[in-house]
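Enquirer: The task is simple: from the sequences and hints, build the whole structure.
Each protein sequence line maps, in turn, to chains A and Y. Letter 154 of the first sequence, counting from 1, is numbered 945 in our numbering, and no numbers are missing. Letter 229 of the second sequence, counting from 1, is numbered 211 in our numbering, and no numbers are missing.
Hints were generated in silico from the structure; no laboratory data involved. Check each hint, because a few of them may be wrong.
[Unchecked claim] On the chain Y side, residues computed to face chain A include the following (Cβ under 10 Å): (1) 45; (2) 52; (3) 183.
[Stated by the list, open to error] To spell it out: a stretch of chain Y is covered by chain A in this simulated footprint if at least three of its residues, at any positions, have a beta carbon under 8 Å from a beta carbon of chain A; those stretches are: (4) 35 to 43; (5) 139 to 153.
[As the list claims (entries may be wrong)] Listed below are the simulated DSBU-like cross-link pairs for lysine-lysine, each with C-alpha atoms no more than 35 Å apart in a straight line: (6) Y:186 <-> A:1072; (7) Y:185 <-> A:1214; (8) A:1214 <-> Y:74; (9) Y:-2 <-> A:1106; (10) A:842 <-> Y:224; (11) Y:74 <-> A:1051; (12) Y:25 <-> Y:74; (13) A:1051 <-> Y:179; (14) Y:224 <-> A:1106; (15) Y:25 <-> A:932; (16) A:1051 <-> Y:-2; (17) A:932 <-> Y:164; (18) A:829 <-> Y:179; (19) Y:179 <-> A:1072.
Since the model is a prediction, treat every value here as computed from it, not as a measurement. Glycine is no exception: its CB is placed at the ideal position from the N, C-alpha and C atoms.
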Amino acid sequence: MSFLTIIQILLFITLVGASFFVAFRKFKEIYDNINMGKPEQIDTTLGFRLKSMFLIAFGQKKMFKLTFATQIELIEIFIDGLTGKHRILYHAFEGSFLESLYVFVINFIEILSLLTFIVTIIFILRRTTFKVARFQMPELKGWPWRDALNILAFELTLITFIFMMNSGDSALHMKEHGEGYGFILSGFLGNMISSFPNGLLHFIEKTGWWGHLCMVMVFLVYLPYSKHLHILLAFPNTFFTRPEPKGEMRNMTAIEHEVKSMLDPSFVVPATDGEIKFGAKDVYDLSWKSLLDAYSCTECGRCTAACPANQTGKKLSPRKIMMDTRDRMEDISKGKKEHGPDFADNRNLLGDYVTKEELRACTTCNACVEECPVNISPLNIILELRRNMIMDEADSPAEWNTIFANMENNQAPWQFSPDDRLKWTEELN
Amino acid sequence: MQYNVPVLSELVAEGKTPDVVFWVGCAGSFDQRAQRVTVAFTKILNRLQINFAVLGTEEACTGDPARRAGNEFVFQMLAQQNIAALNNYGVKKIVTTCPHCFNTLKNEYPALGGNYEVVHHSTYLQQLINEGKLKVEGGTFKGKKITYHDSCYLGRANDIYEAPRAVIEALDADLVEIKKCKTNGLCCGAGGGQMFKEDEPGKKRINIERTEQLMEVNPDVIAVACPFCNTMITDGVKNENKQDTIKVVDIAELIAQANSY
Ligand code: SF4
Ligand code: SF4
Chain A
792 MSFLTIIQIL LFITLVGASF FVAFRKFKEI YDNINMGKPE QIDTTLGFRL KSMFLIAFGQ
852 KKMFKLTFAT QIELIEIFID GLTGKHRILY HAFEGSFLES LYVFVINFIE ILSLLTFIVT
912 IIFILRRTTF KVARFQMPEL KGWPWRDALN ILAFELTLIT FIFMMNSGDS ALHMKEHGEG
972 YGFILSGFLG NMISSFPNGL LHFIEKTGWW GHLCMVMVFL VYLPYSKHLH ILLAFPNTFF
1032 TRPEPKGEMR NMTAIEHEVK SMLDPSFVVP ATDGEIKFGA KDVYDLSWKS LLDAYSCTEC
1092 GRCTAACPAN QTGKKLSPRK IMMDTRDRME DISKGKKEHG PDFADNRNLL GDYVTKEELR
1152 ACTTCNACVE ECPVNISPLN IILELRRNMI MDEADSPAEW NTIFANMENN QAPWQFSPDD
1212 RLKWTEELN
Chain Y
-17 MQYNVPVLSE LVAEGKTPDV VFWVGCAGSF DQRAQRVTVA FTKILNRLQI NFAVLGTEEA
43 CTGDPARRAG NEFVFQMLAQ QNIAALNNYG VKKIVTTCPH CFNTLKNEYP ALGGNYEVVH
103 HSTYLQQLIN EGKLKVEGGT FKGKKITYHD SCYLGRANDI YEAPRAVIEA LDADLVEIKK
163 CKTNGLCCGA GGGQMFKEDE PGKKRINIER TEQLMEVNPD VIAVACPFCN TMITDGVKNE
223 NKQDTIKVVD IAELIAQANS Y
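Expert: As structure tokens, then:
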């Protein structure tokens, strides 16, 4: 093994190790943040969970194919990196039936990469030039916007490196063996540059290889900071899909018991109920599932586009609810890092991030829940915050106070006497 | 025909048990427009000689608007009171013309010890038609263009999209779908306690937006299956000054009208 090879292997190990270390730290932080939430039991069987996950996470077929193909490629890059050799898999497979499979996979990746390249450019135009409404809303200003463009730029760079690597390699292979590997796209490009001197071809190939590796590592480190984290979190999030019909709101057992003891003095409130919590004021009061939801959000805005309140110009945007929840968690964990684990600011998700005007606008229509490609429920968070706004802060619109009073006194939201419940029968005959 | 409304407490006192309890709901009991739907549905039950009963003064609001507005206390008070009454009479099956009552009774009462078979009147009517018990006269609506507005609490909340459509199709009319229907349907703007308050500041009222979508297919009738949608869309149609040409009608009323009950 030459000195150069050893240096390369060491460099590779350092680079990969450092990237994994940094990424792991951030992932751990996210895991801790999600655990800030309250426990929630999700009563589903393993079969249901796997089914939800496969249907939704892999249902984004594009993603599945991409993951599969890139994995094979990454494995090769890793073996190459650890051994300092090149195209290890190809040479290992050469001559056997696996060779054609390998060539097929690389062709698949290359064609997909070309398509991705084109689509990425369209995406960039969609965000910058054509101004699709879903991508122009106020909550996307600043970081989310740059984040989206960063990722798109990564993708373009990554693909460029892949083609540099493969075409340089193909050109060298052609020179040596008189024919390429059978890669359609890079074979074509390699053919065009095959007159370059060998030194230059090696340089192109090596630049592509290291560039490609660096981009993958940069992506790994960047991922947990980015909205693209959802690519990974879509799996656990759909795995833990809630089984209830969308219309069902979770029972508040402590209040159930409290009211029961009012109606029936002989009923003893179980000691396990503890202090009554009125919905959610901050992320600590939400269930861990809602917090995982927030980290899984792709910020695609389908929910907001379908929201009747948003469509008619109200402040409410379910996507913003998810982003606010995540921002709140990030702010808390940043505070804890700087000021220790007892960090507390005088801020809450309710009021300081999500305004009451937004909460009041929701019709609980479930359009956002229906639309979400990764089974997120913005509605759940909205309703928990609303419970706190109404019961803890007693901040409800005057009209709602009226219906609450009517319901208590007349058993109907309107001010009619309960004795008149059968009045409609007079119109029958 | 003389129509009757048996009251559950009286039936039980006579030692009889109804097959099904008709849950009228607050809108169905008190709202003038919704009362007409209650009447239409009661006529159908009578004509088919269904052994039913209502709770009458023992029925209280299910608590849905309070729970969704965020007031769990009021919800619990009403829900526990209702469940005590229903369990006391040993009620097994409930039919209701209100998707909000339907959702709460069906999905939320079990956690509080109220377990019943709950059906919405769209499903109930569909079953009666399928079983051949309810025959619908063609004629009145022949050639009329009817479009259907999906109620959120029937559709997305409980996945009931076909039943109300099956009832409309039995009319021999022309069911035209708008673009935003079924899972993509836009809310009428009433849910989650919005029915009882002004819209938050914005560009437009939600019911106007929805009514405009429904009017795109130039319907003669906009069919609904929810008393709150009924109010919201009726207001929307009035707002466009189209109340003389476009009728907003509940599916129970469509059947009653077609059969001249
Ligand atoms: S449930 Fe609320 S937030 Fe979600 S789409 Fe409907 S109105 Fe918007
Ligand atoms: S539809 Fe789902 S993933 Fe997309 S922005 Fe809304 S909550 Fe996030």
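Enquirer: It remains to establish, for every hint, whether it holds in the given structure.
Expert: Taking the hints in turn, this is what the structure says about them:
1. 45: Cβ of residue 45 of chain Y sits 7 Å from chain A, so the hint holds.
2. 52: With Cβ-Cβ at 3 Å, under 10 Å, it holds.
3. 183: 7 Å, holds
4. 35 to 43: Holds: 6 residues of the region 35 to 43 of chain Y have a Cβ under 8 Å from chain A.
5. 139 to 153: It holds: at least three residues are needed, and the region 139 to 153 of chain Y offers 3 whose Cβ sits within less than 8 Å of chain A.
6. Y:186 <-> A:1072: Holds. Residue 186 of chain Y to residue 1072 of chain A sits at ~30 Å (cutoff 35 Å).
7. Y:185 <-> A:1214: Roughly 39 Å separates the two Cα atoms, so the pair is violated.
8. A:1214 <-> Y:74: Given pair residue 1214 of chain A, residue 74 of chain Y holds - Cα atoms ~26 Å apart, limit 35 Å.
9. Y:-2 <-> A:1106: Measuring from Cα to Cα gives roughly 54 Å; hence the hint is violated.
10. A:842 <-> Y:224: Violated, because 48 Å separates the two Cα atoms, which is more than 35 Å.
11. Y:74 <-> A:1051: Since the Cα atoms of residue 74 of chain Y and residue 1051 of chain A sit roughly 23 Å apart, the hinted pair holds (cutoff 35 Å).
12. Y:25 <-> Y:74: 22 Å, holds
13. A:1051 <-> Y:179: Judged against 35 Å, a Cα distance of about 30 Å means the pair holds.
14. Y:224 <-> A:1106: 30 Å, holds
15. Y:25 <-> A:932: This hinted pair is violated, its Cα atoms lying about 58 Å apart.
16. A:1051 <-> Y:-2: Distance of about 30 Å is within 35 Å: holds.
17. A:932 <-> Y:164: Holds - the C-alpha atoms of residue 164 of chain Y and residue 932 of chain A are around 33 Å apart, at most 35 Å.
18. A:829 <-> Y:179: 32 Å, holds
19. Y:179 <-> A:1072: 23 Å, holds
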